[in-house]
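Q: Letter by letter, the chains look like this.
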Amino acid sequence: MADTALPRTTVDEERQRRWRQASIYALLALVTFVMVFPVLWMISVSLKPTTETFSLPPRLIPEEFHWGGYAKVLTDPKFRTFLINSYVVGLAVTFLSLIIGTLAAFGFSRYRFFGDRVAKLFVITTQMVPTITLLIPYFGVIVFLGLYDTLWGLVLTYLTFALPYSIIMMNGYLDTIPKDFDEAATIDGCTPLGVLVRVLLPVALPGIISTAVYTFLLAWNEFLFALALTRSMDMRTVPVGISMMVGEFGLKWDEMMAFSVIGSLPVLILFMLVQRFVVSGLAAGGVKG
Amino acid sequence: MTRPFRLLTASGTPYLFLLPGLVILGALLSVPLYKVVEYSLYDNVIVERNPTFVGLDNYRNILGDPGYWSAGFNTIVFTVGSVVGHMIVGIGLALLVNADIHPRARTFFRSMLVLPWIFTAVVVALNWQLLLNPFGLINYILDWLGLISEPLDWLGNPDLAMWSLLLISTWRGYPFIMVSFLSGLQTVPRELYEAADIDGAGFWHKFWHVTLPQLKPVIFGVALLDLIWTFQLFPLVWLTTGGGPGRATEVLSTLTFRLAFVDFEFAQAATVAVSILIISAAFTVLYLRNEARRL
Chain H
370 MADTALPRTT
380 VDEERQRRWR
390 QASIYALLAL
400 VTFVMVFPVL
410 WMISVSLKPT
420 TETFSLPPRL
430 IPEEFHWGGY
440 AKVLTDPKFR
450 TFLINSYVVG
460 LAVTFLSLII
470 GTLAAFGFSR
480 YRFFGDRVAK
490 LFVITTQMVP
500 TITLLIPYFG
510 VIVFLGLYDT
520 LWGLVLTYLT
530 FALPYSIIMM
540 NGYLDTIPKD
550 FDEAATIDGC
560 TPLGVLVRVL
570 LPVALPGIIS
580 TAVYTFLLAW
590 NEFLFALALT
600 RSMDMRTVPV
610 GISMMVGEFG
620 LKWDEMMAFS
630 VIGSLPVLIL
640 FMLVQRFVVS
650 GLAAGGVKG
Chain X
340 MTRPFRLLTA
350 SGTPYLFLLP
360 GLVILGALLS
370 VPLYKVVEYS
380 LYDNVIVERN
390 PTFVGLDNYR
400 NILGDPGYWS
410 AGFNTIVFTV
420 GSVVGHMIVG
430 IGLALLVNAD
440 IHPRARTFFR
450 SMLVLPWIFT
460 AVVVALNWQL
470 LLNPFGLINY
480 ILDWLGLISE
490 PLDWLGNPDL
500 AMWSLLLIST
510 WRGYPFIMVS
520 FLSGLQTVPR
530 ELYEAADIDG
540 AGFWHKFWHV
550 TLPQLKPVIF
560 GVALLDLIWT
570 FQLFPLVWLT
580 TGGGPGRATE
590 VLSTLTFRLA
600 FVDFEFAQAA
610 TVAVSILIIS
620 AAFTVLYLRN
630 EARRL
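From first to last, the protein sequence lines are chains H and X. Under this note's numbering, the first sequence has 520 at position 151, and the numbering climbs by one with no breaks. Under this note's numbering, the second sequence has 410 at position 71, and the numbering climbs by one with no breaks.
Keep in mind that the hints were calculated from the coordinates and are not lab data. Positions of the beta carbon are idealized from the N, C-alpha and C atoms, including for glycine.
Non-contacting residues of chain X with respect to chain H, defined by C-beta distances greater than 12 Å in every case (computed):
hint, residue
1, D382
2, V393
3, G403
4, F412
5, V419
6, V423
7, D498
8, L505
9, V527
10, R529
11, K545
Some chain H residues close to chain X (C-beta under 8 Å, calculated; not the full set):
hint, residue
12, T401
13, P407
14, G470
15, M497
16, L532
17, I536
18, P561
19, L586
20, P608
21, M625
22, M641
Assemble the whole structure, with the sequences as input and the hints as a guide.
A: Set out below in structure tokens:
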């Protein structure tokens, strides 16, 4: 054994270190299980018939998988509409705020100009405006513009929240790219827009992806405006759809949890795919939850 | 400072890049903010074509209403409780994840622990309604441990509802603090810890005398952001307790929504909304002062 060749104290220290590591792993595993448990329980309940939702003793893994909730939710055209609406709004908001946000971020990152600090503070400040304060005037304005109960009304309002994050996050990423890149391209005859599109964007791809994922998540999860600015079933999004299941279809836990799982899958998958980028970008941008 | 840059000579260019974003943001914010203040000075707004100007009457009404003050009190309890919960759990977990473990394991635990943050509020609310149900799992576990003699109605009991809400809010909101603190931890110079190690400092000593002082600006900024956002939070409260039972968990945001979309008193709702705006603005100024130094 190699250990025996080592001096006594080192062996002790090594043993102590291993013990400490083992206890850290055990503690982390326990805490993580507790924190993730509500999510696991949601999946578990979605796979049990409603008669077993509260049956005792509770089982995390159902004795028999019950797919009835999923079958009901996947075949009902209503739920398909909610999903399609959420995708349309999410993609439109992501697309628009990424383009407009990247342009502004480029301006902030690459230029010093009169009023740049004020403009930047303005963008940061817009993140702080209470959404509930905006709700009532938005309701008035959206009705006035004839956008009440349309997806475009939602896209427009979501831009208010999505744009500041796109600008701040993209600005953070562009700042990490050395300016020598731009200078070389400028000498080669690139216009500023050319520098952005041909030189910076390819390098900033991880940043673009994480900004896009974050913006999509923001739009996909939004509840307040989706609730107040739409009325008909055809215009409801996933979060409002789920919340209405509670009232309108009675408490069928298997169906509600099945739709909650399906409705969470897109953001869950996106997030898991790019979580490394998103987590660092999130911290850099100081991003709303 | 950054060195002077070639493109600086093209003086109109930066404005062109910023124009679309700033115009959209400006329009989407200035018009509504102007409108909400205007609404608060009228009666029968939105529902009638020609609302009547009433000056500060709405403000007098709201300030004389005990319901407003109790919602304000609940908002303070909810906000302070949530932020404290987020900070304790978030910082604790960040330290744990940052411990000396395999990088792969760290990535795994970190992404698992961020999960509560990515679900939409409706799903969070449903999950916890299920767990906190009188017949739910939490009562079962507490009963099994012998801590309670009969099932408690966590969300339906006026004395417990706020505590339950704080539990849910803590679960939902700690990841933001955890992630921010975790990335802050990477910026603390290694030498400081090495020096502390040589002095024989233990874990807590290092935490109190190295980590915390180094990350004070980060913690302050993040806590303020969290405070500003939690203060006006609507969906989580509305979807878990709806402000109830009775008005036990009614906060200013749910009061605003109720006034507007349940009672159709848009002018009163606008008045409460303006009061939320004023308080947020005060905290925002504090936050910007902290941020401006870093710009």
